[in-house]
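There are 2 protein chains.
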Amino acid sequence: MDVRVILVEPKLEENIGAVARVMKNFGFSELYLVRPRSIGRKALTVASHAADVVESCVITPSLEEALRGSDIAIGTTAKLATSERKHLRAFLTPRELKNVCRGKVSIVFGREDVGLLNEELRMCDVVVHIPTDRRYPVMNVSHAAAVILYELYLGSKTQRKRERGHLGKPASFEERAQFYEHLLQFLDKIQYAEHKKERALLVVKRIFGRAAVTSRELRTLRGILRKAIWCLSGEHAA
Amino acid sequence: MDVRVILVEPKLEENIGAVARVMKNFGFSELYLVRPRSIGRKALTVASHAADVVESCVITPSLEEALRGSDIAIGTTAKLATSERKHLRAFLTPRELKNVCRGKVSIVFGREDVGLLNEELRMCDVVVHIPTDRRYPVMNVSHAAAVILYELYLGSKTQRKRERGHLGKPASFEERAQFYEHLLQFLDKIQYAEHKKERALLVVKRIFGRAAVTSRELRTLRGILRKAIWCLSGEHAA
Numbered sequence: 001m002d003v004r005v006i007l008v009e010p011k012l013e014e015n016i017g018a019v020a021r022v023m024k025n026f027g028f029s030e031l032y033l034v035r036p037r038s039i040g041r042k043a044l045t046v047a048s049h050a051a052d053v054v055e056s057c058v059i060t061p062s063l064e065e066a067l068r069g070s071d072i073a074i075g076t077t078a079k080l081a082t083s084e085r086k087h088l089r090a091f092l093t094p095r096e097l098k099n100v101c102r103g104k105v106s107i108v109f110g111r112e113d114v115g116l117l118n119e120e121l122r123m124c125d126v127v128v129h130i131p132t133d134r135r136y137p138v139m140n141v142s143h144a145a146a147v148i149l150y151e152l153y154l155g156s157k158t159q160r161k162r163e164r165g166h167l168g169k170p171a172s173f174e175e176r177a178q179f180y181e182h183l184l185q186f187l188d189k190i191q192y193a194e195h196k197k198e199r200a201l202l203v204v205k206r207i208f209g210r211a212a213v214t215s216r217e218l219r220t221l222r223g224i225l226r227k228a229i230w231c232l233s234g235e236h237a238a
Numbered sequence: 001m002d003v004r005v006i007l008v009e010p011k012l013e014e015n016i017g018a019v020a021r022v023m024k025n026f027g028f029s030e031l032y033l034v035r036p037r038s039i040g041r042k043a044l045t046v047a048s049h050a051a052d053v054v055e056s057c058v059i060t061p062s063l064e065e066a067l068r069g070s071d072i073a074i075g076t077t078a079k080l081a082t083s084e085r086k087h088l089r090a091f092l093t094p095r096e097l098k099n100v101c102r103g104k105v106s107i108v109f110g111r112e113d114v115g116l117l118n119e120e121l122r123m124c125d126v127v128v129h130i131p132t133d134r135r136y137p138v139m140n141v142s143h144a145a146a147v148i149l150y151e152l153y154l155g156s157k158t159q160r161k162r163e164r165g166h167l168g169k170p171a172s173f174e175e176r177a178q179f180y181e182h183l184l185q186f187l188d189k190i191q192y193a194e195h196k197k198e199r200a201l202l203v204v205k206r207i208f209g210r211a212a213v214t215s216r217e218l219r220t221l222r223g224i225l226r227k228a229i230w231c232l233s234g235e236h237a238a
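Sequence order for the protein chains is A and B.
Numbering follows the numbering used here, in which position 31 of the first sequence is assigned residue number 31; successive positions increment by one, without gaps.
Numbering follows the numbering used here, in which position 85 of the second sequence is assigned residue number 85; successive positions increment by one, without gaps.
It should be emphasised that the hints constitute simulated quantities derived from the structure, not laboratory data.
Think of the CB as a built atom: it goes at the ideal place given N, C-alpha and C, for glycine as much as any other residue.
It cannot be assumed that every hint is accurate.
[What the hints assert, rightly or not] Derived pair list, reagent style BS3-like, types lysine-lysine, alpha-carbon separation capped at 27 Å:
1) A:K189 / B:K104
2) A:K227 / A:K169
3) B:K196 / A:K169
4) A:K42 / B:K11
5) A:K189 / B:K227
6) B:K197 / A:K189
7) B:K196 / A:K205
8) B:K189 / A:K197
9) B:K197 / A:K169
10) B:K196 / A:K189
11) B:K197 / B:K227
12) A:K169 / B:K98
13) A:K205 / B:K104
14) B:K79 / A:K169
15) B:K189 / A:K227
16) A:K205 / B:K169
17) B:K11 / A:K205
18) B:K104 / A:K227
19) A:K227 / B:K196
20) A:K197 / B:K42
21) A:K205 / B:K42
22) A:K197 / B:K11
23) B:K189 / A:K196
24) B:K79 / A:K205
25) B:K169 / B:K104
26) A:K11 / B:K42
27) B:K104 / A:K98
28) B:K227 / A:K196
29) B:K189 / B:K79
[Claimed, not checked] Far from chain A by the CB rule (all over 12 Å, computed), these chain B residues:
30) D2
31) G40
32) E64
33) G69
34) S172
[Claimed, not checked] Negatives, chain A to chain B, calculated, CB over 10 Å:
35) A50
36) L92
37) R111
38) Y136
All chains should be built: construct the whole structure from the sequences, respecting the hints.
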């Protein structure tokens, strides 16, 4: 996904640096600043390993110029519409953004205190609002960026592929069946009451199901069963 | 959702304040600090309207104490397992967390530089990793908190509905600890190799964590362990 982050009149350098850092965390690097108050050492320090994002930022005198070349402009707001009539602030959630993203996507964040002005929101194709507690909905700009860029990152196709198998290969039906078979042998060995076996098996099955148990985990557990059965067989004493 | 945020040895006050702010944005307020370097004015300034969260934080001398009263402990890591063998860092994504959250949920964040130590991750039932660009995966702690608390906040609405009784009461921290103790007794009885015990325990812990194992399920499993230990003790032959 081709993302540009635009900060309109950021007051604190720390916020510029913090946004740069979270951009790089999610693989984005194109930063535009509209009339920043100042930009220098503090921003670089907070950016940490994303100093390159700060250093290569583009400074423009207007939001209009910063938006040039965008295919879709997404404005952000913590303030909600006061009625359904207020189309200006009719919003998508961060999770819904991936459905509207195409080409060059610009995400526009407003000032620390007053956010984006109505005329700036009007320049945006879409408005996004992060669901928050109504008692304190105003997020720090870099936190809002973290949530939105995280959603965009997840929404991109490469990511969807990468996510699979993060826990390791889930155990196949056969592997799980073999485990249950093994467990039954063990229950036999300890003379576990016949009428309770089915329930015990079901408990284990449910836990494994909810946990999406992996092949590797099953191998460890079967190692324990093997050792236990061996001990119970008294073979080790022979 | 009843969430506690635990910061282990935070170095920068600014980060404490920033975490407090994002907590309040998502309606959470219980902040624990384990051995913070300092805490004062800077934290309050960055916290902005969440100064009350900073002011009411609880300071503890150890992670163990900070975790007291938790039903599930979720550790965070930017570092991934180097192979599928590393059960310690087998992780869930932030979006998957809502499926394991029940009762008092503690989210544990590590130090700015080295994160959580292995022994600290071992105290956690589940590990969460935020999918990031592999070139710069280390997020600022308050950005990581933003993403995770955002997901918990979104999950809490659907979660509240799901929670009602469908699985039964989740096992408490103490019940799980008792089970692990019982399991260790069993591993001793079968002369399970000393160097493999910790790994076996971790495998079980991770499976239980992901499955949000219930009290009732643990009772069934402990019944099996009890029977097995009894058999192995040869008492039944007497």
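Is the Cβ of S172 of chain B farther than 12 Å from every Cβ of chain A?
-> Check passes; 16 Å lies beyond 12 Å.
Within a Cα-Cα threshold of 27 Å, do K104 of chain B and K98 of chain A meet the stated pairing?
-> Violated, at roughly 33 Å.
Would you check the hint for K169 of chain B and K104 of chain B, treating anything up to 27 Å between C-alpha atoms as holding?
-> holds (13 Å)
Assess, step by step, whether the Cα of K189 of chain B is no farther than 27 Å from the Cα of K196 of chain A, and give holds or violated.
-> holds (23 Å)
Compute the least Cβ-Cβ separation between G40 of chain B and chain A, then decide whether it is above 12 Å.
-> holds (18 Å)
Taken at face value, is the distance from the CA of K79 of chain B to the CA of K189 of chain B at most 27 Å?
-> violated (36 Å)
Quick one: work out the minimum CB distance from G69 of chain B to chain A and report holds if it exceeds 12 Å, violated otherwise.
-> holds (23 Å)
Given the hint that K189 of chain A pairs with K227 of chain B, does the C-alpha gap stay at or below 27 Å?
-> Within the cut-off at roughly 10 Å; holds.
Is it true that the CA of K205 of chain A sits at most 27 Å from the CA of K42 of chain B?
-> violated (51 Å)
Taking 27 Å as the top limit, are the C-alpha atoms of K196 of chain B and K189 of chain A close enough?
-> holds (23 Å)
Do the alpha carbons of K205 of chain A and K169 of chain B lie within 27 Å of each other, as the hint requires?
-> At roughly 18 Å apart (the allowed maximum being 27 Å), K169 of chain B and K205 of chain A satisfy the hint.
Please work out if K104 of chain B and K227 of chain A have their alpha carbons no farther apart than 27 Å.
-> The given pair, whose Cα atoms are some 37 Å apart, is violated under the 27 Å limit.
Checked against the numbered hints above, the structure breaks hints 1, 17, 18, 20, 21, 22, 24, 27, 29, 35 and 38 and satisfies the rest.
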